[in-house]
Every structure is written in structure tokens, then in C-alpha cells.
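The lines below spell out each chain.
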Amino acid sequence: MPTYTSTGGAAGGANGVVLSCPIDRPIAPTVTTYLSAPAVWVIDQNPNADVCCNLYSTNPGGNIVTGGTVCSSGASSGYQVLTPPSVYDGTTYSSFSLSCTIPAAYNGLQSSIDGYRAETFSR
Amino acid sequence: MKKLISTLFALSFVGAASIALADVTANTPGASCVAASGTLINGTAGESANLSTSAATAVCPIDRSLGTSLSTKVSATVWVLDENTTQNVCCTLNSKNPGGALVSSPQVCSTGSSSGYQSIPLAQITDGYTYSHFYISCSVPGTDSGQASKILTYRSVQN
Chain A
1 MPTYTSTGGA AGGANGVVLS CPIDRPIAPT VTTYLSAPAV WVIDQNPNAD
51 VCCNLYSTNP GGNIVTGGTV CSSGASSGYQ VLTPPSVYDG TTYSSFSLSC
101 TIPAAYNGLQ SSIDGYRAET FSR
Chain B
1 MKKLISTLFA LSFVGAASIA LADVTANTPG ASCVAASGTL INGTAGESAN
51 LSTSAATAVC PIDRSLGTSL STKVSATVWV LDENTTQNVC CTLNSKNPGG
101 ALVSSPQVCS TGSSSGYQSI PLAQITDGYT YSHFYISCSV PGTDSGQASK
151 ILTYRSVQN
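Residue numbers (the working numbering), protein chains in the order written: chain A, 1 to 123; chain B, 1 to 159.
It is possible that some hints are incorrect.
[To be verified] Simulated restraints, written as ranges between beta carbons of each label pair: (1) A:E119 / B:A123: 26 to 36 Å; (2) A:V31 / B:G100: 33 to 43 Å; (3) B:H133 / A:P26: 16 to 26 Å; (4) B:S145 / A:S6: 33 to 43 Å.
Since the hints were made in silico from the structure, they are not lab data.
Bear in mind that the values here come from a model prediction, so they are computed numbers and not experimental data.
We put the CB at the ideal spot given by N, CA and C, even for glycine.
Working from the sequences, and respecting the hints, build out all of it.
Here you go:
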């Protein structure tokens, strides 16, 4: 389970966590078919593991569309901005989400997701 | 004066009618749901699963449009995976006012058990109170022979 910070972030806690971050997908008046996340703000304080994220579109029928995975680098108390590749899914039943792996705390220093910006659009 | 007031009232009514909200529809991943009882775990693909042997109650929020137009009606569809042979996934659509008033749709349940998804349609409810919030509540049965039931996605339609 993630550890939530008082400022709205989600941290990896003692053991690390895989976090699914929901993204509302507008269907009407206009069906959105593309999902991008121009910015995922993360803090990576673990020198041995990175924060890694990718986007998902998941259909109840089981079909999953996912973009490539992008990861933070090094270890720092400052934030890094990740931009996972966008995904396209024309199936109207599908829903969008962002999935991130957050490593465990290192010497008491937490890694976290501080926020994410998603854009949904049709093309 | 009375006629003026009546005219102004009529105009305000026409104005309100002219900005009536078009249907606003959104898909939301099951990962938005939280457990009001029991335990739910989110999967990497945005689903919400009950991995325990006990039933869980999922509360799934719906952002209510209040800005330029006020939504007073909402209907929904929930796509679920029911892997339990003796219990079903059962959902209601609700509008809850801080003052305590609760408007709920009839409960609708999945049937049987299957590794394929089922759609649970929830009838439209109406709540004109601007303080109320919309949400879906589902009971998700525990695992059966190791197979987990899940809330995959839900769709809300507001107008």
C-alpha cells in the first residue's frame, strides 16, 4: 500500500509499491481516443531503483494498450518530470490510467509521485 | 411591478433552459474506487480487485458537474468481473447530501460467475440539490477457488 503525504503525494513506503492512478476519460459530447501525460512529477531518492511509469488503456474485454515505460534517474531530493509515451484506444468501453512503480524508502528517504497531468483528446 | 417580476422570472427560466447541460459521459477506471469495508487492491491496468476471501464494499466517486451547468441527473454502467460462484457483484448508484438525504437507484447484480466481464446498468437518479455528490457503491465478493472478482471500469452519464 502507498504511503500518502500530507501534501497529496503518494510514496513508496518501506517496501515500494505499484500504484495505479486513475484518469477520467471523457466519452460524450466527444469521444476521446488519445491519452497523454505530459508531466508526471516524481521524487526519486533511492539510488538503487527508479520511479517508472507508463500509461494504460484497459478494456473490460481484457485488451490492454500500454505505452512504453519511462523512469527517473539517479537519486535526488528534487523532483523529476517523466513523460510516458501516449496511448491510443478507439474502443469506447476502455478506461485510462497511469501506472507507476515507486521504490522503497532508502535510509528513511521516501520516493514518491507528487502529481500528474493528463490530457485526453480525440484525433 | 408584479408583471415585471413575472417577466423576469420567465426570462431567468428561459435562460436556465438554454444552458441546459448536454450529456457529459466519462469512463473511470475501477482503481478510483476505495474500500468502505474489506480490502481492495488496484491492478496495474486500473482495475480494483478483491483478493481476500471476504466481501468488500467499493465506493466509486463520480465527479459532478456544477460549473457553467448543473447536472441533476446521473446514470451509470459498471463493468465487473464476477468470479464467485455463490455471490454476485451488486451495485447501486447514489446521490448523497451532506444533510443526510440519500437518493439511490435500484440495486443491480451480476449473474453466475465468469472469467469474462459483465455489464451492470444502473438506472438514472435525480437530485437537484447542489450540495449532493454522486457515487456508485458495489459489494464485491471474496475470492472463489483463488479467483478474484473485480471492478474493471465504470461509466457515468450526467445531464
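Okay, the hints, checked on the actual structure:
1. A:E119 / B:A123: 26 to 36 Å: Check passed, 33 Å falls within 26 to 36 Å.
2. A:V31 / B:G100: 33 to 43 Å: Distance hint for A:V31, B:G100 holds at roughly 38 Å.
3. B:H133 / A:P26: 16 to 26 Å: The hinted range 16 to 26 Å holds for B:H133 and A:P26, with Cβ atoms some 19 Å apart.
4. B:S145 / A:S6: 33 to 43 Å: With Cβ atoms ~42 Å apart, the hint holds.
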